[in-house]
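Take the numbering used here: the final residue in the sequence shown is number 469, and no numbers are missing along the way.
Bear in mind the hints are in silico, worked out from the structure with no lab data behind them. A few of these clues could be false.
Computed spacing ranges between beta-carbons, pair by pair [stated by the list, open to error]:
hint, residue 1, residue 2, range
1, D205, D18, 21 to 27 Å
2, P434, D151, 29 to 35 Å
3, V214, V19, 27 to 33 Å
4, A418, E94, 41 to 47 Å
5, A134, R174, 45 to 51 Å
6, D208, A149, 40 to 46 Å
7, T39, D208, 41 to 47 Å
The list that follows gives simulated cross-link-like pairs (lysine-lysine, BS3-like), each with its CA atoms no further than 27 Å apart [unchecked claim]:
hint, residue 1, residue 2
8, K393, K289
9, K426, K410
10, K379, K426
11, K414, K379
12, K454, K410
13, K466, K454
14, K426, K454
15, K414, K426
16, K414, K393
17, K289, K379
18, K182, K410
19, K393, K466
20, K454, K414
No experiment lies behind these values; they were computed from the predicted model shown. Every residue, glycine too, gets a C-beta built ideally from N, C-alpha and C.
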Amino acid sequence: MAEIRQAAERLGGIDVTVIPIAAKHGDNVVHRSERTPWYDGPTLLEFLEGIELSAPHPEPEKLRLPVQWVSRPTPEQRRRYTGRLSAGTLEVGDPVVSLPSGTRSTVTVIDTLDDERTTAVAPLSVSIELADDIDVGRGDVFVSGADDAALPVLARELDVTVCWFLDSPLRAGDRLALKQGTRTVRATVQALHSWLDPETLDELDNPVELVLNDIGEVTLRTSSVVIADSYTDNRDSGAFILIDETTNDTVGAGTIIEPREVKPGVQTRNDIRWHPSSLDRGHRWKATGQRGATIWFTGLPASGKSTVAVAVERALVEAGDVAYLLDGDNIRHGLSDDLGFSPGDRAENIRRVGHLTRLFADAGAVALASLVSPLKSDREIARALNDAAKLSFIEVYVSTPVEECAKRDPKGLYARARSGELKGLTGVDAPYEAPESPDLVLDTTGADIDKLVAQVIELLNQKRAI
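My request is simple: use the sequences and hints to build the entire structure.
Listed below in C-alpha coordinates is the structure:
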(Lines of atoms letter the chains of each structure in order from A and count residues from 1; the text may use other names and numbers.)
(Lines give C-alpha, C1' and ligand atoms only; values in the text may rest on other atoms or scores of the structure.)
Protein backbone atom coordinates (compact mmCIF):
# COMPACT_ATOMS: atom_id res chain seq x y z
CA MET A 1 0.00 0.00 0.00
CA ALA A 2 2.83 2.37 0.87
CA GLU A 3 4.45 1.70 -2.52
CA ILE A 4 1.17 2.49 -4.30
CA ARG A 5 0.78 5.79 -2.46
CA GLN A 6 4.41 6.66 -3.15
CA ALA A 7 3.87 6.01 -6.87
CA ALA A 8 0.70 8.14 -6.76
CA GLU A 9 2.69 11.01 -5.26
CA ARG A 10 5.25 10.83 -8.07
CA LEU A 11 2.44 10.87 -10.63
CA GLY A 12 1.21 14.20 -9.35
CA GLY A 13 -0.54 13.37 -6.11
CA ILE A 14 -3.51 11.58 -7.68
CA ASP A 15 -6.17 10.13 -5.37
CA VAL A 16 -5.91 6.32 -5.18
CA THR A 17 -8.53 3.96 -3.71
CA VAL A 18 -7.41 0.33 -3.28
CA ILE A 19 -10.12 -2.36 -3.45
CA PRO A 20 -9.09 -6.04 -3.15
CA ILE A 21 -11.12 -8.02 -5.72
CA ALA A 22 -11.07 -11.44 -7.36
CA ALA A 23 -12.90 -11.58 -10.64
CA LYS A 24 -13.18 -15.38 -10.68
CA HIS A 25 -15.32 -15.50 -7.56
CA GLY A 26 -16.63 -11.95 -7.64
CA ASP A 27 -15.00 -11.00 -4.35
CA ASN A 28 -15.80 -7.37 -3.45
CA VAL A 29 -17.08 -6.65 -6.96
CA VAL A 30 -20.80 -6.42 -6.14
CA HIS A 31 -21.03 -7.98 -2.69
CA ARG A 32 -18.61 -7.86 0.20
CA SER A 33 -16.45 -10.99 0.35
CA GLU A 34 -16.10 -13.23 3.41
CA ARG A 35 -12.57 -13.99 2.22
CA THR A 36 -11.41 -10.45 3.14
CA PRO A 37 -12.69 -9.86 6.69
CA TRP A 38 -9.85 -7.37 7.19
CA TYR A 39 -11.22 -5.07 4.43
CA ASP A 40 -13.95 -2.65 5.49
CA GLY A 41 -14.03 -0.34 2.45
CA PRO A 42 -16.60 -0.19 -0.37
CA THR A 43 -17.10 -2.84 -3.03
CA LEU A 44 -16.16 -1.91 -6.59
CA LEU A 45 -19.80 -1.27 -7.55
CA GLU A 46 -20.41 0.84 -4.44
CA PHE A 47 -17.36 2.90 -5.19
CA LEU A 48 -18.37 3.48 -8.83
CA GLU A 49 -21.94 4.39 -7.88
CA GLY A 50 -20.64 6.91 -5.36
CA ILE A 51 -18.61 8.91 -7.90
CA GLU A 52 -20.10 12.33 -8.53
CA LEU A 53 -20.18 13.03 -12.26
CA SER A 54 -20.21 16.57 -13.57
CA ALA A 55 -19.79 18.29 -16.92
CA PRO A 56 -16.14 19.15 -17.64
CA HIS A 57 -15.50 22.84 -16.93
CA PRO A 58 -19.20 23.89 -16.87
CA GLU A 59 -18.33 27.61 -16.86
CA PRO A 60 -19.47 29.50 -20.02
CA GLU A 61 -16.16 31.38 -20.27
CA LYS A 62 -14.29 28.07 -20.75
CA LEU A 63 -16.21 27.11 -23.89
CA ARG A 64 -14.47 24.80 -26.36
CA LEU A 65 -16.44 23.61 -29.40
CA PRO A 66 -14.23 22.01 -32.09
CA VAL A 67 -15.99 22.12 -35.47
CA GLN A 68 -16.35 18.72 -37.07
CA TRP A 69 -18.77 19.50 -39.88
CA VAL A 70 -20.16 22.58 -41.64
CA SER A 71 -23.47 22.18 -43.47
CA ARG A 72 -26.49 24.03 -44.83
CA PRO A 73 -29.53 21.72 -44.46
CA THR A 74 -31.70 23.82 -46.80
CA PRO A 75 -30.95 26.83 -49.04
CA GLU A 76 -33.13 28.97 -46.75
CA GLN A 77 -31.18 28.12 -43.59
CA ARG A 78 -27.94 29.61 -42.40
CA ARG A 79 -24.84 27.47 -42.14
CA ARG A 80 -24.76 24.99 -39.29
CA TYR A 81 -21.60 24.20 -37.36
CA THR A 82 -21.55 20.78 -35.73
CA GLY A 83 -19.22 19.34 -33.13
CA ARG A 84 -18.92 17.97 -29.60
CA LEU A 85 -18.46 20.37 -26.71
CA SER A 86 -15.27 19.55 -24.83
CA ALA A 87 -15.71 22.23 -22.17
CA GLY A 88 -18.00 25.04 -21.10
CA THR A 89 -21.67 25.73 -21.80
CA LEU A 90 -23.52 27.36 -24.67
CA GLU A 91 -26.85 29.18 -24.93
CA VAL A 92 -28.68 31.18 -27.59
CA GLY A 93 -27.40 34.75 -27.43
CA ASP A 94 -23.90 33.81 -26.29
CA PRO A 95 -21.05 35.64 -28.09
CA VAL A 96 -18.50 33.31 -29.65
CA VAL A 97 -15.15 33.66 -31.39
CA SER A 98 -13.92 31.32 -34.11
CA LEU A 99 -10.25 30.40 -33.80
CA PRO A 100 -7.71 30.69 -35.31
CA SER A 101 -9.27 33.46 -37.45
CA GLY A 102 -10.63 35.44 -34.48
CA THR A 103 -13.97 36.17 -36.20
CA ARG A 104 -16.78 37.04 -33.79
CA SER A 105 -20.52 36.29 -33.94
CA THR A 106 -23.50 35.38 -31.75
CA VAL A 107 -25.30 32.04 -31.35
CA THR A 108 -28.87 32.20 -32.71
CA VAL A 109 -29.84 28.49 -32.73
CA ILE A 110 -28.68 25.46 -30.73
CA ASP A 111 -29.79 21.94 -31.68
CA THR A 112 -29.02 19.15 -29.20
CA LEU A 113 -31.79 16.75 -30.39
CA ASP A 114 -33.58 17.63 -27.14
CA ASP A 115 -36.27 20.26 -27.72
CA GLU A 116 -36.55 21.03 -24.00
CA ARG A 117 -32.87 21.76 -23.51
CA THR A 118 -31.91 25.43 -23.65
CA THR A 119 -28.30 25.11 -22.47
CA ALA A 120 -25.74 22.82 -24.09
CA VAL A 121 -23.04 21.44 -21.79
CA ALA A 122 -19.96 19.32 -22.42
CA PRO A 123 -19.71 16.59 -23.63
CA LEU A 124 -22.90 16.97 -25.71
CA SER A 125 -22.78 16.98 -29.50
CA VAL A 126 -24.46 20.12 -30.81
CA SER A 127 -25.28 21.92 -34.04
CA ILE A 128 -25.39 25.71 -33.92
CA GLU A 129 -26.30 28.62 -36.17
CA LEU A 130 -24.74 32.07 -35.94
CA ALA A 131 -26.00 35.56 -36.61
CA ASP A 132 -23.36 35.95 -39.35
CA ASP A 133 -22.13 33.72 -42.18
CA ILE A 134 -18.47 33.65 -41.17
CA ASP A 135 -15.64 31.61 -42.66
CA VAL A 136 -15.41 28.53 -40.42
CA GLY A 137 -14.22 25.06 -41.39
CA ARG A 138 -13.48 21.67 -39.90
CA GLY A 139 -10.69 21.96 -37.35
CA ASP A 140 -11.64 25.48 -36.21
CA VAL A 141 -12.73 25.94 -32.60
CA PHE A 142 -15.45 28.14 -31.11
CA VAL A 143 -14.56 29.74 -27.77
CA SER A 144 -16.38 32.23 -25.60
CA GLY A 145 -16.52 35.81 -26.81
CA ALA A 146 -17.03 37.16 -23.29
CA ASP A 147 -14.55 39.65 -21.83
CA ASP A 148 -13.51 37.14 -19.13
CA ALA A 149 -13.13 34.21 -21.54
CA ALA A 150 -10.43 31.64 -20.80
CA LEU A 151 -8.74 31.39 -24.17
CA PRO A 152 -6.56 28.56 -25.54
CA VAL A 153 -3.10 29.08 -27.00
CA LEU A 154 -2.70 29.37 -30.77
CA ALA A 155 0.36 27.19 -30.55
CA ARG A 156 3.08 26.34 -33.02
CA GLU A 157 5.30 24.63 -30.46
CA LEU A 158 4.23 21.99 -27.92
CA ASP A 159 6.00 20.46 -24.94
CA VAL A 160 4.33 17.07 -24.67
CA THR A 161 4.42 13.65 -23.06
CA VAL A 162 4.35 10.95 -25.73
CA CYS A 163 3.84 7.19 -25.66
CA TRP A 164 5.42 5.64 -28.76
CA PHE A 165 3.65 2.66 -30.42
CA LEU A 166 6.01 1.71 -33.24
CA ASP A 167 8.91 -0.76 -33.51
CA SER A 168 11.01 1.79 -35.39
CA PRO A 169 12.22 4.50 -32.99
CA LEU A 170 11.17 8.14 -32.70
CA ARG A 171 14.09 10.53 -33.10
CA ALA A 172 14.63 14.28 -33.26
CA GLY A 173 13.88 15.55 -36.77
CA ASP A 174 11.15 12.98 -37.50
CA ARG A 175 8.04 14.35 -39.22
CA LEU A 176 4.55 13.10 -38.48
CA ALA A 177 0.92 14.14 -38.71
CA LEU A 178 -0.53 15.35 -35.42
CA LYS A 179 -4.30 14.99 -34.92
CA GLN A 180 -5.77 17.00 -32.07
CA GLY A 181 -9.55 17.06 -31.86
CA THR A 182 -10.85 17.72 -35.37
CA ARG A 183 -7.64 19.40 -36.56
CA THR A 184 -4.71 17.65 -38.27
CA VAL A 185 -1.36 19.35 -38.89
CA ARG A 186 2.18 18.29 -39.66
CA ALA A 187 4.63 18.19 -36.78
CA THR A 188 8.40 17.91 -36.49
CA VAL A 189 10.17 16.47 -33.45
CA GLN A 190 12.37 19.31 -32.25
CA ALA A 191 13.93 17.59 -29.24
CA LEU A 192 13.69 14.55 -26.94
CA HIS A 193 14.00 15.79 -23.36
CA SER A 194 13.50 12.73 -21.14
CA TRP A 195 12.55 9.06 -21.01
CA LEU A 196 10.37 7.66 -18.21
CA ASP A 197 11.39 4.37 -16.59
CA PRO A 198 8.02 2.62 -16.01
CA GLU A 199 9.42 0.51 -13.16
CA THR A 200 10.93 3.26 -11.01
CA LEU A 201 9.26 6.34 -12.57
CA ASP A 202 12.74 7.88 -12.80
CA GLU A 203 13.45 10.13 -15.79
CA LEU A 204 16.54 9.80 -18.00
CA ASP A 205 17.52 13.11 -19.59
CA ASN A 206 18.25 13.63 -23.30
CA PRO A 207 17.52 10.17 -24.74
CA VAL A 208 18.65 9.55 -28.30
CA GLU A 209 15.35 7.89 -29.24
CA LEU A 210 12.06 6.48 -27.98
CA VAL A 211 11.31 2.86 -28.90
CA LEU A 212 8.17 0.69 -28.69
CA ASN A 213 6.03 1.51 -25.61
CA ASP A 214 8.47 4.16 -24.37
CA ILE A 215 7.11 7.27 -22.67
CA GLY A 216 9.02 10.51 -22.87
CA GLU A 217 8.85 14.29 -22.90
CA VAL A 218 9.26 15.79 -26.35
CA THR A 219 9.02 19.19 -28.04
CA LEU A 220 7.03 19.28 -31.28
CA ARG A 221 6.98 22.12 -33.82
CA THR A 222 3.83 22.24 -35.97
CA SER A 223 3.45 23.46 -39.55
CA SER A 224 0.37 25.50 -38.65
CA VAL A 225 -1.53 26.63 -35.58
CA VAL A 226 -2.85 24.13 -33.05
CA ILE A 227 -5.63 25.50 -30.83
CA ALA A 228 -4.40 23.93 -27.62
CA ASP A 229 -4.76 23.81 -23.85
CA SER A 230 -2.56 21.95 -21.44
CA TYR A 231 -3.90 18.49 -20.56
CA THR A 232 -4.41 19.53 -16.94
CA ASP A 233 -6.78 22.28 -18.15
CA ASN A 234 -8.67 20.32 -20.82
CA ARG A 235 -8.39 16.61 -21.54
CA ASP A 236 -9.72 16.97 -25.08
CA SER A 237 -7.83 19.97 -26.44
CA GLY A 238 -4.80 18.90 -24.41
CA ALA A 239 -4.49 15.44 -26.01
CA PHE A 240 -3.49 14.20 -29.48
CA ILE A 241 -2.38 11.24 -31.56
CA LEU A 242 0.57 10.97 -33.97
CA ILE A 243 0.04 9.45 -37.42
CA ASP A 244 2.50 8.10 -39.96
CA GLU A 245 1.68 10.01 -43.16
CA THR A 246 2.83 7.16 -45.38
CA THR A 247 0.88 4.29 -43.82
CA ASN A 248 -1.79 6.34 -42.02
CA ASP A 249 -1.11 4.22 -38.91
CA THR A 250 -1.42 5.71 -35.44
CA VAL A 251 2.14 5.56 -34.11
CA GLY A 252 1.87 7.50 -30.86
CA ALA A 253 -0.39 9.32 -28.44
CA GLY A 254 0.31 12.13 -26.06
CA THR A 255 -0.75 14.90 -23.74
CA ILE A 256 0.23 18.55 -23.89
CA ILE A 257 2.32 19.91 -21.02
CA GLU A 258 2.74 23.44 -22.37
CA PRO A 259 1.53 24.94 -25.67
CA ARG A 260 3.44 27.97 -26.95
CA GLU A 261 2.78 30.57 -29.60
CA VAL A 262 5.75 31.04 -31.93
CA LYS A 263 5.69 33.96 -34.35
CA PRO A 264 7.52 33.26 -37.62
CA GLY A 265 10.74 35.20 -37.91
CA VAL A 266 10.92 36.15 -34.23
CA GLN A 267 14.09 34.80 -32.64
CA THR A 268 13.74 33.12 -29.27
CA ARG A 269 17.47 33.38 -28.53
CA ASN A 270 19.39 36.61 -28.08
CA ASP A 271 22.74 35.14 -29.11
CA ILE A 272 21.74 34.77 -32.78
CA ARG A 273 23.00 37.56 -35.00
CA TRP A 274 23.00 38.18 -38.76
CA HIS A 275 26.50 37.35 -39.96
CA PRO A 276 27.54 39.68 -42.79
CA SER A 277 29.82 38.31 -45.46
CA SER A 278 33.47 39.33 -45.36
CA LEU A 279 33.04 40.12 -49.05
CA ASP A 280 31.53 43.52 -49.75
CA ARG A 281 28.44 43.15 -51.96
CA GLY A 282 29.71 45.73 -54.42
CA HIS A 283 33.04 43.92 -54.70
CA ARG A 284 31.28 40.58 -55.24
CA TRP A 285 28.98 42.00 -57.93
CA LYS A 286 31.88 43.76 -59.67
CA ALA A 287 33.92 40.55 -59.68
CA THR A 288 31.06 38.46 -61.07
CA GLY A 289 29.88 41.16 -63.43
CA GLN A 290 26.26 40.86 -62.29
CA ARG A 291 23.91 42.68 -59.94
CA GLY A 292 21.39 40.59 -58.01
CA ALA A 293 17.63 41.13 -57.98
CA THR A 294 14.33 39.37 -57.22
CA ILE A 295 11.44 39.03 -59.68
CA TRP A 296 8.24 37.92 -57.91
CA PHE A 297 5.46 36.54 -60.16
CA THR A 298 2.01 36.48 -58.57
CA GLY A 299 -1.39 35.56 -60.00
CA LEU A 300 -4.18 33.01 -59.95
CA PRO A 301 -3.51 29.28 -60.46
CA ALA A 302 -3.05 28.56 -64.19
CA SER A 303 -2.60 32.27 -64.97
CA GLY A 304 0.71 31.56 -66.74
CA LYS A 305 3.10 32.71 -63.97
CA SER A 306 5.41 29.74 -64.30
CA THR A 307 5.29 29.79 -68.10
CA VAL A 308 6.54 33.37 -68.17
CA ALA A 309 9.01 32.81 -65.32
CA VAL A 310 10.57 29.77 -67.05
CA ALA A 311 10.95 31.75 -70.27
CA VAL A 312 12.52 34.70 -68.43
CA GLU A 313 14.96 32.37 -66.64
CA ARG A 314 16.01 30.79 -69.94
CA ALA A 315 16.47 34.17 -71.64
CA LEU A 316 18.61 35.49 -68.79
CA VAL A 317 20.84 32.41 -68.65
CA GLU A 318 21.30 32.37 -72.42
CA ALA A 319 22.34 36.05 -72.18
CA GLY A 320 25.04 35.12 -69.67
CA ASP A 321 23.23 36.01 -66.43
CA VAL A 322 23.02 33.72 -63.39
CA ALA A 323 19.31 33.20 -62.73
CA TYR A 324 17.28 30.59 -60.87
CA LEU A 325 13.53 29.96 -60.72
CA LEU A 326 11.94 29.12 -57.36
CA ASP A 327 8.67 27.52 -58.46
CA GLY A 328 5.91 27.14 -55.88
CA ASP A 329 5.39 23.41 -56.53
CA ASN A 330 9.12 22.67 -56.37
CA ILE A 331 9.48 24.55 -53.07
CA ARG A 332 6.75 22.40 -51.54
CA HIS A 333 8.68 19.25 -52.47
CA GLY A 334 11.52 20.20 -50.13
CA LEU A 335 11.88 23.46 -48.26
CA SER A 336 8.16 23.66 -47.44
CA ASP A 337 7.11 20.01 -47.52
CA ASP A 338 6.02 20.32 -43.89
CA LEU A 339 3.40 22.96 -44.76
CA GLY A 340 -0.21 22.59 -45.86
CA PHE A 341 -2.45 25.15 -47.57
CA SER A 342 -4.10 26.88 -44.64
CA PRO A 343 -3.69 30.68 -44.54
CA GLY A 344 -1.02 30.32 -41.85
CA ASP A 345 0.93 27.72 -43.84
CA ARG A 346 0.74 29.81 -47.01
CA ALA A 347 2.09 32.84 -45.17
CA GLU A 348 4.96 30.77 -43.75
CA ASN A 349 5.75 29.36 -47.21
CA ILE A 350 5.99 32.87 -48.68
CA ARG A 351 8.13 34.04 -45.76
CA ARG A 352 10.59 31.21 -46.43
CA VAL A 353 10.75 31.90 -50.16
CA GLY A 354 11.18 35.62 -49.44
CA HIS A 355 14.25 34.91 -47.33
CA LEU A 356 15.59 32.59 -50.03
CA THR A 357 15.22 35.21 -52.79
CA ARG A 358 17.05 37.71 -50.59
CA LEU A 359 20.04 35.37 -50.22
CA PHE A 360 20.11 34.58 -53.96
CA ALA A 361 19.93 38.26 -54.89
CA ASP A 362 22.62 39.19 -52.37
CA ALA A 363 24.90 36.62 -54.02
CA GLY A 364 24.39 38.40 -57.33
CA ALA A 365 21.89 36.02 -58.93
CA VAL A 366 18.50 36.93 -60.34
CA ALA A 367 15.99 35.06 -58.17
CA LEU A 368 12.66 34.38 -59.85
CA ALA A 369 9.77 33.32 -57.56
CA SER A 370 6.53 32.03 -59.07
CA LEU A 371 3.84 31.66 -56.41
CA VAL A 372 0.12 32.39 -56.23
CA SER A 373 0.85 34.44 -53.05
CA PRO A 374 -2.78 35.58 -52.80
CA LEU A 375 -2.55 38.04 -49.91
CA LYS A 376 -1.07 41.51 -50.13
CA SER A 377 0.31 41.27 -46.58
CA ASP A 378 2.31 38.13 -47.45
CA ARG A 379 3.78 39.66 -50.62
CA GLU A 380 4.74 42.75 -48.64
CA ILE A 381 6.81 40.54 -46.32
CA ALA A 382 8.83 39.28 -49.30
CA ARG A 383 9.29 42.83 -50.62
CA ALA A 384 10.25 44.17 -47.19
CA LEU A 385 12.95 41.49 -46.78
CA ASN A 386 14.58 42.54 -50.05
CA ASP A 387 14.05 46.27 -49.46
CA ALA A 388 15.71 46.00 -46.04
CA ALA A 389 18.79 44.55 -47.75
CA LYS A 390 18.69 47.28 -50.43
CA LEU A 391 18.06 44.71 -53.17
CA SER A 392 15.94 45.29 -56.27
CA PHE A 393 12.48 43.69 -56.00
CA ILE A 394 10.15 43.51 -59.00
CA GLU A 395 6.53 42.44 -58.49
CA VAL A 396 5.00 41.06 -61.69
CA TYR A 397 1.23 40.64 -61.55
CA VAL A 398 0.04 38.04 -64.07
CA SER A 399 -3.52 39.30 -64.37
CA THR A 400 -5.03 36.57 -66.56
CA PRO A 401 -8.81 36.49 -65.81
CA VAL A 402 -10.17 33.62 -63.72
CA GLU A 403 -12.39 32.48 -66.61
CA GLU A 404 -9.32 31.96 -68.81
CA CYS A 405 -7.45 30.22 -65.95
CA ALA A 406 -10.38 27.84 -65.40
CA LYS A 407 -10.52 27.14 -69.15
CA ARG A 408 -6.84 26.09 -69.11
CA ASP A 409 -6.94 24.21 -65.79
CA PRO A 410 -3.86 21.99 -66.50
CA LYS A 411 -4.03 20.30 -63.08
CA GLY A 412 -7.82 20.01 -62.93
CA LEU A 413 -7.93 22.20 -59.81
CA TYR A 414 -10.78 24.46 -60.93
CA ALA A 415 -12.94 21.48 -61.96
CA ARG A 416 -12.35 19.81 -58.59
CA ALA A 417 -13.06 23.04 -56.70
CA ARG A 418 -16.31 23.72 -58.53
CA SER A 419 -17.49 20.15 -57.98
CA GLY A 420 -16.88 20.53 -54.24
CA GLU A 421 -14.04 18.00 -54.19
CA LEU A 422 -11.35 20.61 -53.47
CA LYS A 423 -11.79 23.34 -50.86
CA GLY A 424 -9.88 26.61 -50.51
CA LEU A 425 -8.74 27.13 -54.12
CA THR A 426 -7.65 30.70 -54.73
CA GLY A 427 -10.00 32.35 -57.20
CA VAL A 428 -12.93 30.00 -56.48
CA ASP A 429 -13.66 29.87 -52.76
CA ALA A 430 -10.53 31.53 -51.37
CA PRO A 431 -9.65 35.20 -51.94
CA TYR A 432 -6.96 36.68 -54.16
CA GLU A 433 -5.91 40.26 -53.40
CA ALA A 434 -4.65 41.73 -56.65
CA PRO A 435 -1.56 43.96 -56.26
CA GLU A 436 -2.49 47.64 -56.05
CA SER A 437 0.80 48.97 -57.46
CA PRO A 438 2.72 46.15 -59.15
CA ASP A 439 5.89 46.97 -61.04
CA LEU A 440 4.54 45.21 -64.12
CA VAL A 441 1.16 43.76 -65.20
CA LEU A 442 0.99 40.92 -67.74
CA ASP A 443 -2.02 39.12 -69.21
CA THR A 444 -1.09 35.85 -70.90
CA THR A 445 -4.46 35.44 -72.66
CA GLY A 446 -3.49 34.93 -76.30
CA ALA A 447 -0.20 36.73 -75.66
CA ASP A 448 3.18 36.27 -77.34
CA ILE A 449 5.32 34.93 -74.48
CA ASP A 450 8.52 36.30 -76.05
CA LYS A 451 7.08 39.82 -75.92
CA LEU A 452 6.10 39.39 -72.25
CA VAL A 453 9.61 38.12 -71.49
CA ALA A 454 11.11 41.17 -73.17
CA GLN A 455 9.00 43.46 -70.95
CA VAL A 456 10.22 41.71 -67.79
CA ILE A 457 13.89 41.82 -68.79
CA GLU A 458 13.66 45.47 -69.86
CA LEU A 459 12.26 46.39 -66.42
CA LEU A 460 14.92 44.27 -64.70
CA ASN A 461 17.70 46.05 -66.54
CA GLN A 462 16.22 49.42 -65.61
CA LYS A 463 16.09 48.46 -61.93
CA ARG A 464 19.62 47.07 -61.93
CA ALA A 465 20.96 50.21 -63.58
CA ILE A 466 19.78 52.39 -60.72
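Hints and how they fare:
1. D205 to D18: 21 to 27 Å: Holds, since D205 and D18 (Cβ atoms, about 23 Å apart) stay within the stated range.
2. P434 to D151: 29 to 35 Å: Cβ of P434 to Cβ of D151: about 33 Å, so the range 29 to 35 Å holds.
3. V214 to V19: 27 to 33 Å: holds (29 Å)
4. A418 to E94: 41 to 47 Å: Given range 41 to 47 Å: holds, Cβ gap about 43 Å.
5. A134 to R174: 45 to 51 Å: holds (49 Å)
6. D208 to A149: 40 to 46 Å: The hinted range 40 to 46 Å holds for D208 and A149, with Cβ atoms some 42 Å apart.
7. T39 to D208: 41 to 47 Å: Because 43 Å falls inside the window, the suggested range holds.
8. K393 to K289: holds (16 Å)
9. K426 to K410: holds (19 Å)
10. K379 to K426: Since the Cα atoms of K379 and K426 sit roughly 21 Å apart, the hinted pair holds (cutoff 27 Å).
11. K414 to K379: holds (25 Å)
12. K454 to K410: holds (23 Å)
13. K466 to K454: OK: K466 and K454 at ~19 Å, within 27 Å.
14. K426 to K454: violated (35 Å)
15. K414 to K426: holds (15 Å)
16. K414 to K393: violated (37 Å)
17. K289 to K379: violated (34 Å)
18. K182 to K410: violated (37 Å)
19. K393 to K466: Holds - the C-alpha atoms of K466 and K393 are around 12 Å apart, at most 27 Å.
20. K454 to K414: holds (26 Å)
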